[in-house]
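With the sequences and hints as input, model every part of the structure.
Order-wise, the sequence lines are chains A and B. Sequential numbering from 2 applies to the first sequence in the numbering used here. Sequential numbering from 10 applies to the second sequence in the numbering used here.
Simulated from the structure, these hints should not be mistaken for lab results. None of these values were measured; they are calculated from a predicted model. Where hints are given, some of them may not hold.
[Stated by the list, open to error] Rough simulated footprint, nothing fancy, chain B against chain A, three-plus residues with beta-carbon under 8 Å:
(1) 523-534
(2) 545-559
(3) 621-632
For glycine and all other residues, C-beta sits at the position ideal for the given N, C-alpha and C.
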Amino acid sequence: MTRTSLFSKTLVLIVVLFAIIATATSILSGWNLYRNLTQEYQSKGVAIAKSIADSSVEILLNADVSTIQSVVDQFTEIEGVSYVIVFDGQGEPVSHTFVPAVPGDVLELQRQTRTHIFNGGSLTNNLRVEGMGDFLDISFPILAGVAGYVHVGMDKSLIRSRIWSAVATQQGLMFAIFLLSVLVAYALVNRISQPLKQLATHAGRLATQDFSEPVTGPSDIDGLPKKSRDEVGELAESFITMERTLRQSVRELKETTAAKERIESELKIAREIQMSMVPKLFPPFPLRPEFDLYATLVPAREVGGDFYDFLFIDDNRLCFAIGDVSGKGVPASLFMAVTTTLFRTTAVRVSRPDEILFLLNRELCRGNESCMFVTVFCAILDIRTGEVEYSNGGHNLPYFVSHAETRPLRNTGGMALGFTEDVTYRSEKIMLRAGDGLFLYTDGVTEAMDEGENQFSEPRLEEFLQQANGSSATEIIRGAVDQVRRHSAGAPQSDDITALSLKYLLPAGETTRESIVVELKNNLPEIERLARITDDFGLRHQLNETSHNVKVALDEILTNVISYAYDDAREHIIVIRLSLDQEKWTVEVEDDGRPFNPLNAPEPDTKQLLEERPIGGLGIHLVRKLIDELEYRRQNNRNILTMRLKVKEA
Amino acid sequence: MNIHEERNDGVLILGLEGRLDAVSSKMFEEKVLALVDGGERRIVINLSRLDYVSSAGLRVFLVASKRLTPAGGKVVLCSVQEPVKQVFDIVGFYSIFSILNSKDEALNSLR
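Here it is, written out as structure tokens:
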């Protein structure tokens with residue numbers, strides 16, 4: 002198509018061009034020829050007429066008509082001479098070559114000629130004779146017209162035919178040149194359009210080609226730039242360059258994508274490995290009812306630098322830790338892997354948190370070329386007593402959460418691990434009672450930002466923890482993560498979010514059957530609610546009679562606390578812990594009222610007569626009688642009364 | 010707690026039902042004192058349907074008795090059930106109150 006249209010355009014151009022040239026040259030040369038021939042004929046005619054005139058003077062004077070006729074006849078044989086006529090002085094034709102008679106037009110012309118003043122020259126007229134054609138009539142006077150006139154008629158049709166034949170020859174030549182031009186143009190156009198067509202076909206194929214595949218053999222346009230060293234060649238050249246660049250880009254893109262995919266899949270595996278390094282099965286120790294533990298790790302990127310861990314280092318001691326490696330991503334996760342591995346091996350070797358941190362630090366410092374560091378909080382819970390010994394290595398201080406308060410643990414002042422080998426760590430102790438808990442977290446929790454770059458912050462966390470105090474470890478962690486997520490709604494997670502919640506439920510003992518914690522508000526109707534809970538608890542263990550004792554004792558103690566312990570009118574929480582093992586019930590009442598030891602109340606004399614009996618003092622007496630063992634202590638500004646009761650099965 | 014009032018031959022019988030604890034004893038105390046102030050002198054407190062008593066409840070019995078005795082009146086308790094009986098034992102109520110086994114016995118003792 003390209004070629005056809007290109008060639009046809011060229012053809013039209015050539016035709017038009019040649020038509021113009023042919024017409025112009027024909028007109029020009031025709032006109033020139035006409036002028037030249039006419040001039041030549043004229044001068045020829047004049048010469049003939051003059052010679053006849055000259056030679057006719059004598060003859061005419063002698064009136065030798067036959068001689069004139071022979072002269073006249075003699076001239077008609079000259080090419081182009083059509084007729085010759087000689088008039089005498091009176092204007093009568095003397096001799097002529099017309100057959101049979103002299104046409105009227107010639108006679109008429111002679112009449113006009115007679116009035117012409119010659120002045121020694123000749124007169125030329127264009128003459129048309131009906132039935133004979135067009136002539137160039139040249140008249141010449143004989144003896145200035147006295148002796149007569151000679152008219153020589155030159156045939157104009159001869160001129161015309163000569164012109165026509167000349168023009169025809171010229172046109173033939175032109176046509177030959179035209180044909181040649183067309184041929185040349187065809188060849189030229191072909192020369193240009195062939196590679197163009199090749200390029201077009203190649204480009205068409207290119208669109209459907211798979212650039213990611215390597216080239217199979219030489220391209221069909223490879224030879225073009227060399228073959229045609231013109232604009233087409235240049236085009237082909239840039240075409241080849243473009244294709245090569247395109248292929249290279251596609252190949253590079255493919256390689257980059259493949260590399261990216263490989264890295265992503267490796268990161269995914271790394272994440273799985275990392276997640277498998279922190280315990281994820283909850284509850285972790287289903288046969289240990291003494292505590293409730295839950296933890297979570299949400300990495301900001303594919304892999305992160307946070308970790309938590311926990312393990313029993315002997316039958317009764319649970320070691321747990323949380324940490325945060327400086328930085329994020331792969332390097333942090335590798336350091337995290339090293340840290341957790343070392344933590345596990347160290348924790349079972351030494352059984353003090355400060356020593357664990359000391360050894361862990363020493364190991365981490367060795368060969369720590371990249372100068373990474375990790376903050377670690379490590380603690381050991383004795384599940385028999387609820388005592389927690391902990392040590393901190395530069396980590397956010399965990400929260401102690403009890404019914405009374407939520408506060409950060411006292412700092413032990415250690416620095417982050419990995420800086421320098423000669424660092425020692427201190428440890429602190431805290432007692433957890435049933436219902437108390439610890440909340441360990443990394444700064445990803447408190448520093449989680451919303452879209453306005455506002456951090457979640459410690460006060461928000463504290464508020465949440467205090468609110469969620471009665472909940473299980475799982476609920477606390479999920480609630481905290483949920484709060485953080487809600488806070489940073491929409492904003493990308495900036496850091497790993499890691500948290501561990503541990504709740505101490507009851508002192509360990511293989512005989513423990515059940516343990517519950519109840520929170521009461523400081524108003525009297527709450528006592529009846531507690532009575533129902535106590536009844537249910539007793540019913541579950543067929544301890545109806547014993548549970549009545551507990552119920553009455555609790556009633557007495559709580560009535561006292563609610564009625565007299567508080568100086569203000571505010572709401573207070575009283576915590577009741579009920580636990581039962583094979584031998585006894587243990588009941589703890591904890592309140593934040595004014596210090597009061599009910600055991601110091603005087604014994605009433607129950608033998609007294611009614612009239613002498615004081616009305617008060619019966620309550621504590623009842624408690625003493627109903628409960629086997631009573632113990633009071635004041636701790637953290639709180640009254641804690643522990644009651645123990647031997648189990649009597651119903 | 011519910012209190013059922015009943016009169017038999019000039020004796021007021023108060024039947025207690027439910028729990029007599031710090032909450033309900035206030036109401037019970039007001040009621041008893043109002044009755045005593047209104048002239049009641051012989052009162053039987055039927056405990057056959059009392060499930061539970063705490064020292065606050067015991068205190069009301071003591072208050073009622075102390076109010077009635079100087080005025081020549083008397084309060085008699087009857088039909089004590091097990092959990093309450095144990096509490097009465099502990100605080101020595103059997104030595105200071107007349108506690109009888111049935112409502113009829115209690116009524117007879119006041120005639």
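Hints that the structure is at odds with (numbers, increasing): No hint contradicted; all consistent.
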